[in-house]
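Protein chains in written order, with this note's numbering: chain A, 1 to 155; chain B, 1 to 210; chain C, 1 to 725.
Hints are not guaranteed to be accurate.
Coverage of chain A stretches by chain C, computed from C-beta distances (three or more under 8 Å per stretch; other residues unrestricted) [unchecked claim]:
#1 40–47
#2 64–70
Calculated pairs, DSS-like style, for lysine-lysine (alpha carbon to alpha carbon, straight line, at most 30 Å) [stated by the list, open to error]:
#3 C/K205 x C/K194
#4 C/K266 x A/K64
#5 A/K69 x C/K279
#6 C/K279 x A/K142
#7 A/K64 x C/K279
A partial selection of chain A residues facing chain C, derived with a Cβ cut-off under 10 Å [what the hints assert, rightly or not]:
#8 F5
#9 P11
#10 Q12
#11 V29
#12 D31
#13 E75
#14 A135
#15 Y137
#16 E149
#17 K151
#18 A153
No wet-lab data here; the hints were simulated from the structure. Even glycine gets a Cβ: it sits at the ideal position worked out from N, Cα and C.
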Amino acid sequence: MKISFNINGAPQTVETDGNTPLLWIIRDVLDLKGTKFGCGKAACGACTIHVEGMQVRSCSYPAKLAEGKNITTIEGLSDGDNLHPVQQAWMEEIVPQCGYCQPGFMMATAALLEVNPNPTDEDIDNNIVNVCRCATYYRMRKAIHRAAEIKSANL
Amino acid sequence: MKQTNLFYLTIMLFIMAISIGFSSNFSSDNFSEKELEEKTENEVTDRAKSLEGFDKMMQVLTHKRCVNCHPAGDRPHQGEDSHVHNFNVQRGASNFGAPAFNCNTCHHEENNDIAGVPGAPEWSLAPREMAWEGLSRVEIARSMMDPEINGNRDLEHVVEHLTEHELVLWAWNPGVDNEGNPREKPPVSKEDYIAAVKQWAENGAVIPEK
Amino acid sequence: MSNSEKTEPKKKKKFSRRKFLLRSSIGLGVVMGATYLSRPIWRRALANFANTAEAPYQGATDDPKIWFEITADNQVTLLSPKIEMGQGTFTGLAQIAADELGVDISQMKVKHAPSASGNLDAFATGGSTSISSLWQPLRELAATMREMLLQEAAKQLGIESNSLSVVNGVVKGGGKSVSYGDIVKNVTEWKIPKTPKLKDVSEFKFIGKPIPRVDLKDKVLGTPIFGMDASMPDMLYGDVVRPSQIDSTFVSADTSAAEKMPGVIKIIKEKDFVGVVAKSITEARNAKKAIKAEWKVNKKWQNSDIEEIIKVGNGTAYTIQKEGKPNFEGEDTITSEYHSPIGAHAQIEPNGAVAHVADGKATIMISTQVVNITRSEIAKRLGFEAEDVNIIPTFMGGGFGRRLHTPNGIQAALMSKAVGKPVKCFFDRKEEFQNDTFRPPTHHVLKAKLNSNGMIESMEHNVSSGAVAFGSPMLPPGAEAIFGADIGAWRGGMINYSKIPNYRAISWKVQLPFATSWWRSLGLLANTFAIESFMDELAIKAGKDPVQFRLDQIGDDERGNRLKKSIEAARDKAGWKDGKLPNGRAMGFACSVDANTPCAHVVEVSVEGKDIKVHKVTCSIDPGVAVNPDQIKAQCEGSIIMGMSASMFEKMEVKDNQLTPTIYGPYQMALMRDAPKEIDVVILENAEQPGAVGEPPLGPIAAAIANAVFRLTGQRLRSMPLEIT
């Protein structure tokens with residue numbers, strides 16, 4: 001079937017089986033490889049994207065549901081060369097180690113800051129539940145608080 | 001509602017609350033079935049038939065496919081062993097998860113058999129006051145029929161929820177788990193269940209003592 | 001560097017290349033004289049050597065040209081034979097090279113060296129050896145490269161090379177200047193000079209500084225740099241049927257249904273696997289599901305079988321350490337047993353590869369920790385010469401030892417060969433969990449006797465474990481016969497308290513019915529859990545402060561003194577107090593020495609119901625020269641939380657022949673909410689060169705937590721994952 005959606009601000013139409021996870025459309029058809037495959041079971045969060053601004057795990061999101069939606073991936077998080085506050089904070093705190101899970105965490109954090117500009121530690125614990133095997137959680141928490149500061153200072 | 005009924009209802013709710021608190025079976029030696037029936041204000045046309053429907057209906061409503069999302073606390077349950085949902089999933093203010101990590105982060109309008117993630121329209125938790133976890137059949141039924149608890153539904157709307165709500169009927173199309181194994185369905189077929197709910201309701205929506 | 005408490009590195013000891021080569025040959029030469037060496041006393045000497053030797057770099061270090069690419073824009077690319085898997089090696093190597101090359105760190109790029117470049121590490125990226133083993137050779141290579149550029153500049157500028165100087169890759173002298181980028185444009189043939197004198201510590205601009213990771217921006221932008229992101233033109237997708245049961249062998253497969261599935265290009269049947277190649281990953285996965293494979297199952301295994309195998313006393317014993325005459329007669333002998341479970345690597349990037357095999361050549365893009373072994377295994381299976389196989393290593397989405405075995409590279413290559421096009425193939429998550437090379441379960445029996453002063457008179461550590469280092473192509477053939485005991489299994493299993501008059505450590509080797517191997521820090525986590533929990537038990541029995549109890553029994557040799565300094569640093573920074581704290585928390589202490597790097601942790605823990613909450617970890621680490629203090633901290637933070645995850649949550653079990661669970665969640669791991677809110681890292685530099693960093697801080701964490709829990713609850717938790725009953 002034909003599916004049309006906006007991704008990172010640009011319209012796209014793909015021909016695919018509607019049940020194919022959107023993850024594979026993003027990675028293999030549109031060649032946006034920042035969205036990662038980790039488990040394929042919506043368990044690890046490496047494939048986190050935004051659908052209409054909300055965090056969605058694209059490995060368990062059938063492509064057909066994307067019809068007419070606004071999709072954002074890590075490639076569309078920054079505004080051209082201007083990094084998103086979350087990415088700026090990630091740079092400042094030197095968060096990534098292996099880096100594989102980081103796009104998913106940054107997308108989840110960006111979605112959190114949209115609904116909660118100043119999350120508490122508990123808000124972070126309840127909303128950021130991706131898995132990082134290098135266990136960079138300590139710096140991530142600092143970076144999430146820092147991103148909130150940068151974002152509110154930009155307003 | 002008559003004055004006496006209100007009196008009995010108050011006492012009954014009080015005792016129910018205590019019995020739930022101690023997880024013991026509600027003992028209604030002092031209350032006749034008639035009074036309970038009056039509470040539902042439904043005309044009993046065939047008590048035996050209604051109870052027959054009740055038995056069948058309750059085999060479904062006490063099944064994990066229903067109870068996992070009617071939890072007693074602030075955490076949904078999942079799986080055949082009804083373990084607390086992994087990944088610190090919370091009820092959230094609107095029974096829909098945390099604000100930025102809600103049910104729709106993973107669950108959508110239909111099952112995803114590639115990912116093994118279940119889905120249905122309006123995927124969410126039953127409100128906390130509609131908790132069924134740990135309740136007996138009778139307690140579940142009373143809770144379900146209590147307008148204070150059930151969102152002010154009358155019998156007709158309760159039946160509608162039980163027989164037409166897609167999220168409820170998902171129990172017969174529960175998809176596969178992360179390993180591709182089918183999730184267990186309730187022990188009664190969907191058609192038999194719908195017929196049983198109607199049989200129970202149409203014959204007076206009788207709730208037995210035990 | 002300003003934030004960390006560290007001392008300036010001492011003046012370097014002269015470390016000539018000749019001596020370096022000699023040390024290498026000791027490492028590789030242990031195969032000789034197996035019969036003689038396998039006698040117990042020699043085995044103990046070898047074990048001691050394996051415990052303390054610095055692993056040398058095992059690749060070509062005589063030609064700077066295969067290490068550095070200098071481009072016209074005056075940038076230098078270091079081609080690294082070590083793979084970046086998060087440990088920060090690229091950044092440390094860039095700092096080391098920049099200082100000797102005389103360029104700014106912003107002029108440095110680092111890329112993985114493809115095997116075809118000739119810059120090939122014969123060993124592996126692992127064992128926390130990348131920086132330590134390349135510290136000397138890379139400085140020599142970079143200094144030699146600088147000398148080559150100076151000599152060329154002298155020619156081109158017509159000025160004597162000894163009157164030239166270098167700033168940020170620009171050579172100046174006699175009022176003239178020329179950039180490295182311009183120099184290389186005019187060179188037709190390089191001459192490799194004698195290695196010049198290396199820079200003094202005082203001349204370092206980047207070594208020792210908290211330089212941001214060189215891969216930071218790529219990783220923040222989500223740039224495709226991992227094996228999973230690799231692709232080749234006209235690529236197809238493969239998938240392989242993998243066993244879900246342990247101790248089973250492939251017999252046959254009915255592929256008739258799969259052949260008719262949409263998108264399927266070809267079914268590939270090999271002697272040891274069956275695979276499918278399709279147009280998309282989803283079509284390949286769907287077709288694989290339709291393949292009915294038959295496996296020969298030898299025995300129905302349950303977890304209780306594994307627990308029985310692993311018991312101390314059921315395997316073969318090797319004494320790896322012995323001093324005095326340990327004696328455990330009498331009723332005052334204290335005995336405790338400890339357990340650790342099967343652990344999964346659970347790295348987030350699944351194993352995979354993209355392969356193209358055509359015209360007698362093979363190119364494989366793959367996440368691998370063992371480029372050389374991956375290459376030789378693929379070449380052997382294809383019947384190619386190793387030189388006809390080019391391995392292009394990618395960034396790894398976690399390594400942790402999982403990518404020391406890369407049969408997936410062989411499978412991708414065979415599928416590509418069968419269809420004549422590039423094929424990409426990777427594990428799904430269930431296969432990762434069931435076909436992992438697990439951290440083996442362990443069982444420990446400890447015994448001790450205290451003397452009248454409450455000091456340890458005799459002590460013994462028995463560890464029984466499945467294979468870790470043995471069975472790996474990384475060890476030379478015959479190593480097992482010589483060493484006897486698995487050098488990976490007993491890592492961290494020796495007793496560090498050398499003032500005890502009588503002590504020994506015994507490693508019990510058992511055979512498990514599933515693959516076990518390296519898991520970040522090898523045996524260190526479980527062995528330290530057992531020994532350091534037991535030390536805590538003994539201190540309590542002796543009525544002594546557990547930190548002082550340890551300090552009093554550590555020897556006064558160099559190794560012992562470094563450990564004592566680490567212990568004191570953690571103790572003082574944390575404000576160590578024994579017993580319950582007024583805020584309802586308690587502290588716990590443990591320490592270890594791994595690959596010559598001492599580490600000590602003080603944890604602050606509370607218990608709510610049955611939940612253990614770790615609030616703060618103070619960690620001291622002494623890796624010697626701290627090339628990048630920020631990345632050392634990052635490795636400590638990550639090791640601590642990964643170690644907490646393994647200590648408090650993780651467990652694989654065998655159920656009806658299947659390893660389970662098969663997904664994150666049921667395989668419970670530390671999440672954001674489990675991470676301590678405070679991690680305080682103290683870096684000490686009491687050695688003259690950089691040592692191991694990536695694994696040592698994992699050691700003490702389980703024991704430190706268990707020791708704190710005892711102070712809060714009176715419960716001595718002797719099994720990982722730690723569970724309050």
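- Which of the numbered hints above does this structure break? 2, 6, 8, 9, 10, 16, 17 and 18
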